[in-house]
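Just need the whole structure built from these sequences, with the hints factored in.
These protein sequences, in sequence, are chains P and F. The opening position of the first sequence corresponds to residue 1 in the numbering used here, with each subsequent residue numbered one higher. The opening position of the second sequence corresponds to residue 1001 in the numbering used here, with each subsequent residue numbered one higher.
Some clues are possibly wrong.
[To be verified] Sample of chain P residues facing chain F (criterion: CB under 8 Å; computed from the structure):
{"id": "1", "residue": "Gln74"}
{"id": "2", "residue": "Leu91"}
{"id": "3", "residue": "Asp131"}
{"id": "4", "residue": "Leu274"}
[What the hints assert, rightly or not] Just the calculated beta-carbon pair ranges, DEER-fashion:
{"id": "5", "chain 1": "P", "residue 1": "Ala35", "chain 2": "F", "residue 2": "Ala1135", "range": "14 to 24 Å"}
{"id": "6", "chain 1": "F", "residue 1": "Pro1023", "chain 2": "P", "residue 2": "Arg101", "range": "28 to 38 Å"}
{"id": "7", "chain 1": "P", "residue 1": "Ser55", "chain 2": "F", "residue 2": "Pro1276", "range": "52 to 62 Å"}
{"id": "8", "chain 1": "F", "residue 1": "Asp1273", "chain 2": "P", "residue 2": "Pro327", "range": "24 to 34 Å"}
{"id": "9", "chain 1": "F", "residue 1": "Pro1023", "chain 2": "P", "residue 2": "Gly11", "range": "41 to 51 Å"}
{"id": "10", "chain 1": "F", "residue 1": "Asp1273", "chain 2": "P", "residue 2": "Arg260", "range": "14 to 24 Å"}
Note that these hints are calculated values from the structure, not bench results. Values in this document were obtained by computation on a predicted structure and should not be read as measured data. Yeah, the Cβ is synthetic: ideal placement off N, Cα and C, and Gly gets one too.
There are 2 protein chains.
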Amino acid sequence: MKDVAALAGVGLKTVSRVVNGEPGVSEETARKVHAAIEHLRFRRNDGARLLRQGSRTRCVGLVLEDLADPFYSQLSRAVEEVARAHGSLLLTGSSAEDPVRERALALDFCARRVDGLIIVPTAADHSYLDDELAAGTAVVCADRPAPGLAVDTVLADNRGGAATGVDHLLRQGHRRIGFLGDAPDIYTATERLAGYRRAMTAAGCAVDERWVAMATPDPLALGRALDRMLAAPAPVTALLCGNGRTTVAVLRELAARPARPALVGFDDFELADLLPLPVTVVAQDPAAMGRLAAELLFRRMAGGGAEPQRFEIATRLIARGSGELPPTD
Amino acid sequence: MKDVAALAGVGLKTVSRVVNGEPGVSEETARKVHAAIEHLRFRRNDGARLLRQGSRTRCVGLVLEDLADPFYSQLSRAVEEVARAHGSLLLTGSSAEDPVRERALALDFCARRVDGLIIVPTAADHSYLDDELAAGTAVVCADRPAPGLAVDTVLADNRGGAATGVDHLLRQGHRRIGFLGDAPDIYTATERLAGYRRAMTAAGCAVDERWVAMATPDPLALGRALDRMLAAPAPVTALLCGNGRTTVAVLRELAARPARPALVGFDDFELADLLPLPVTVVAQDPAAMGRLAAELLFRRMAGGGAEPQRFEIATRLIARGSGELPPTD
DNA sequence: ATGAAAGCGCTAACAT
DNA sequence: ATGTTAGCGCTTTCAT
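The structure is reproduced here in C-alpha cells:
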C-alpha cells in the first residue's frame, strides 16, 4: 500500500480511501491510484485491516465430529449458508470425538479471533471455553449440550424421537424390542436409550438387558449383539437403531441372516426408500439444526445478552415398511 | 499484552517471551507474568502475531460445489486431515456451481491471506487468480481443471472410468447403451460422455443421440429422458449414469417402471450393495483425491517451484449385479 | 480534497 | 535476564 501511494504520488490515506471506496477523492487522483494498484497487483490485507479496525473478524468456527458423516455434512452446509448470508467466512474442523482435538481446534479458532463458535461437544469438560466466552466470543452447542457451559444449545428431540419409534413398533404388536445405540458416552446415544426405556416401561414391557447394546458401530460387535438379541429364550421381534451409522451397519448384518425383525432407524438416510424392505425411520433435520444454531450464533454476536436458551428440534417418523412388520411369533 | 506487562511489572517483550515459551526468563518473572495472564484472562491474538511475523497464516481455503454432497464431504475430510497434519486451519465454502460465488469466496480467502487454496473450479474464467498466484498463494485444482490456470490439478480418470463401465456392459452383450450425465458445462460430465462415446465407437456401436441425456439430475427431466431411451424403435438395454446423484435419481425413477435395464453408476455410494439389485459402479476415491490435492498444496507452499503437474486418480469397477444383467432382447 | 502521525497487538532486532 | 524501539499493513484522527 505504501508502494501504491509512492507510485501514484499520493498519501497513504488516499490509497486507503480509494481501496475502500470512501468519498473525498478526485476522479483524477482515483485514476492514478487505480493504475498503481493494477500495476503493483496490490491486494488489501484484510488481516491487517481487521486488526486496526478492532472490529469483528467476520469469521466463525465450526467444530464437529466428522465432516464426512452425512448428518454433519448437511449441518455444515446449513451453517455455511447462514454464515455467508451474514458475510462471514467459515473455519471447519473435525474433532473425531476426541476431546483433546476438539479443544485444540476450538482454541485455535479463538486465537484467530473468530466472532463465534459452533461446537458439537464431545463428552468432556468444556470450561476451557469460559475465558473465550468472557472475552465476548459467541458460542453455540449443536446436537449435544456442553454441561456447565452457559450457551445456547440446539438439540434434537432424542428421547421423544426414540419413544416415538418404540411406540410405533409397539403398535404393530411388538413386545420384545431391542435397542442398538452408539457408545454410551455420546449424549445422543444415551438420550435415545432413555427414550426407548421410557416408552417400553410406559407400555408395561420390561426391558431384558440382553436387548440393549451400546457401542461404536463396528460389524463384529454389532453382529454378536444381534445374535444375542435374536437368540432364545426371549428373542426380540423388532429393533430400534440409535443412529444412521448403526442402522446401515445393522442392515448389512441382517442381510446375512435369516431373521427379519421389524426395524426402525433413528436418522433418515438416502436410499432408505429403495431398499428391498424400505426402512422406517425417525428422521432428524440436520439442516434445520445447523441453520438454527448459526442463527442463534449471529443473534448473540449482534449483542443480545439474554439467558442462554435450549432448543429442541422435532423428529418425524417416516413409515416405509420395515417398521410395520408384525411380530414373528 | 500491554496490560499484562503493566500488571506483572515487566516489559512487553518479557510477556511475549513467556507467552511463546522463549528462553531467557527467570522462573520468578515467569510466575508473575503467568499470574497476570490468568488474572487478566489474556489470550494472544494470532492475527496480530502473524501480521508482525510476516509468516504464513497457517490457514488454507477449500472451495467446492456443495459441502453436503457425499463425494465432496469425503474430499473435504481428507483435505482437513492433511491440513491438520501440517498445522493449518481450513476455511471452507460452497460455490453452488456459481462462478460469481466461487470467485467471491476464493478472493475473500485470499484477502485473509490463506497460504493456499484448493478449488473445484466451476466452468468459468479463472484468470482472477493470476494475481494471487503471482503473489505466492499456492493453488491446486481438484476434480476439474481450470483451463489457463497454471496450477497442479488432480482429476479422476473420467474418460477411462466411463469407458470401463461401457466395456463392462458390452461384455455382457449389450449394444444399445444409454448415458445419463450431468449438465454439459460440468467438466466431469463431458469427459465421462467422451469416455462413453470412445468405448462405444471402439466396439463398433453407433451411438443413437436419443440414448444420451446431459442435464442437472432432476426427477422430471430424468424420467422423460429414461422414457425416451427405453422406447422403441431402438430401446437401450443398459445405462451408464454419469455421477452419484444421477445414479440415485435414476434408480428412483426406474423403481416406478417395469423396465429393468442393466445399470452401471459412476461414483460409489453407501448402500449400493444392499439394494434389491446391488448396483455395479465405477468407483472414484474422493478421499485419495482430497489427500493428494492437499499434499500437493503443501508441497507448493514449501517452495517447490516446478512445472504444474496434472494427476489422474484411477477408478475401479465394482461388479455387484446391476451391471451384469444380460440384454433383454 | 488530501496527508501526517499515531496506533491496532504483536514480535524482531537490537540495546542494556 | 530484561527492556526499548521500530514496524508488520492497515485505518483513525486530525490537520491542512
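Structure-based check of all given hints:
A hinted interface residue such as Gln74/P counts as satisfied when its beta carbon comes closer than 8 Å to some beta carbon of chain F; here the least separation is about 5 Å, so the hint holds. Because the closest C-beta pair between Leu91/P and chain F is about 6 Å apart, less than 8 Å, the hint holds. Interface restraint check for Asp131/P: the shortest CB-CB distance to chain F comes to about 5 Å, inside 8 Å, so the restraint holds. Using the Cβ-Cβ criterion of 8 Å, the hint placing Leu274/P at the interface with chain F is satisfied: the shortest such distance is roughly 6 Å.
At about 18 Å, the CB distance of Ala35/P to Ala1135/F agrees with the hint of 14 to 24 Å. Distance hint check for Pro1023/F and Arg101/P: the Cβ-Cβ separation is about 29 Å, which falls inside the suggested range of 28 to 38 Å. Between Ser55/P and Pro1276/F the CB atoms are about 57 Å apart, so this pair conforms to the stated range of 52 to 62 Å. Judged by the Cβ atoms, the range 24 to 34 Å given for Asp1273/F and Pro327/P holds: they are separated by roughly 28 Å.
Our hint of 41 to 51 Å for Pro1023/F and Gly11/P holds, since their Cβ atoms are close to 43 Å apart. With their beta carbons about 18 Å apart, Asp1273/F and Arg260/P fall inside the hinted range of 14 to 24 Å.
The structure shown violates none of the earlier numbered hints.
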